[in-house]
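2 protein chains.
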Amino acid sequence: MEFKHLCLVRFKDGVVVDDIIQELSKLAAELDMIKFFGWGKDVLNQDALTQGFTHVFSLCFDSAEDLAAYMGHEKHGAFAATFMAALDKVIVMDFPFVVAKPAPQPEA
Amino acid sequence: MEFKHLCLVRFKDGVVVDDIIQELSKLAAELDMIKFFGWGKDVLNQDALTQGFTHVFSLCFDSAEDLAAYMGHEKHGAFAATFMAALDKVIVMDFPFVVAKPAPQPEA
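If you're matching them up, the sequences are chains A and B in order. Note that our numbering gives residue 53 to position 53 of the first sequence, counting from 1, and the numbers run on in steps of one. Note that our numbering gives residue 12 to position 12 of the second sequence, counting from 1, and the numbers run on in steps of one.
Derived by calculation from the structure, the hints in this document are not laboratory data. The reader is advised that the hints may include incorrect statements.
Because identical chains share one entry, a pair is satisfied inside a single copy or across any pair of copies.
Derived pair list, reagent style SDA-like, types lysine to any residue, alpha-carbon separation capped at 20 Å [to be verified]:
1. LYS12 with MET33
2. LYS35 with GLY52
3. LYS101 with ASP19
4. LYS75 with GLN22
5. LYS101 with PHE83
6. LYS75 with GLN105
7. LYS35 with GLN51
8. LYS89 with SER63
9. LYS41 with ALA78
10. LYS12 with ASP32
11. LYS35 with ALA103
12. LYS26 with ILE91
13. LYS41 with LEU87
14. LYS41 with ALA100
15. LYS41 with GLY77
16. LYS75 with GLU2
Just so it is clear, the structure is predicted and the values come from calculations on it, not from any experiment.
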């Protein structure tokens with residue numbers, strides 16, 4: 001079962017979000033323990049639902065141990081310092097991800 | 001590009017979360033416009049990071065139009081009434097999901 005590290009954030013005014021995403025993409029490409037990285041920006045803008053959060057970042061690992069190895073990696077430390085300084089607010093959730101309805105597989 | 005509907009929640013005391021998950025799994029199985037349903041419960045329990053949220057629910061659709069069709073479906077209406085009544089707090093984010101590092105594919 002994959003282990004997810006999910007961040008909801010709102011960036012400070014003036015932050016160049018594309019630069020942050022590019023940096024995290026580079027980190028994900030470099031570190032083998034990151035099995036998947038995806039992100040999104042809310043487009044419905046319903047503040048009562050989003051509570052002001054604008055972006056979601058989703059990293060996937062094979063296990064909680066791999067997440068811990070990532071959190072302890074020096075490249076994560078360097079990125080996290082930049083990332084956290086750019087945030088107005090953040091929520092982080094870490095969980096084994098249960099797939100209740102799998103995505104349809106493309107036909108062979 | 002897939003379109004995600006992501007909910008972070010904290011349930012009220014006394015709510016049987018397994019029943020809610022079972023109900024949402026049944027709904028996802030019944031409705032074709034839901035392409036994927038997964039969920040997780042935070043296991044690191046770092047309140048400063050989770051802000052007290054405990055569960056994540058992730059529904060995926062082919063498009064924002066399919067999400068809108070789901071939101072307008074009578075079966076969603078019935079479920080949502082139960083779901084919202086069970087929640088202490090909730091954040092909902094709706095976004096096209098950008099895959100920056102795809103998951104490795106199993107070898108053929």
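Would you list, in rising numerical order, the hints stated earlier that this structure does not obey?
-> 1, 2, 6, 7, 8, 9, 10, 12, 15, 16
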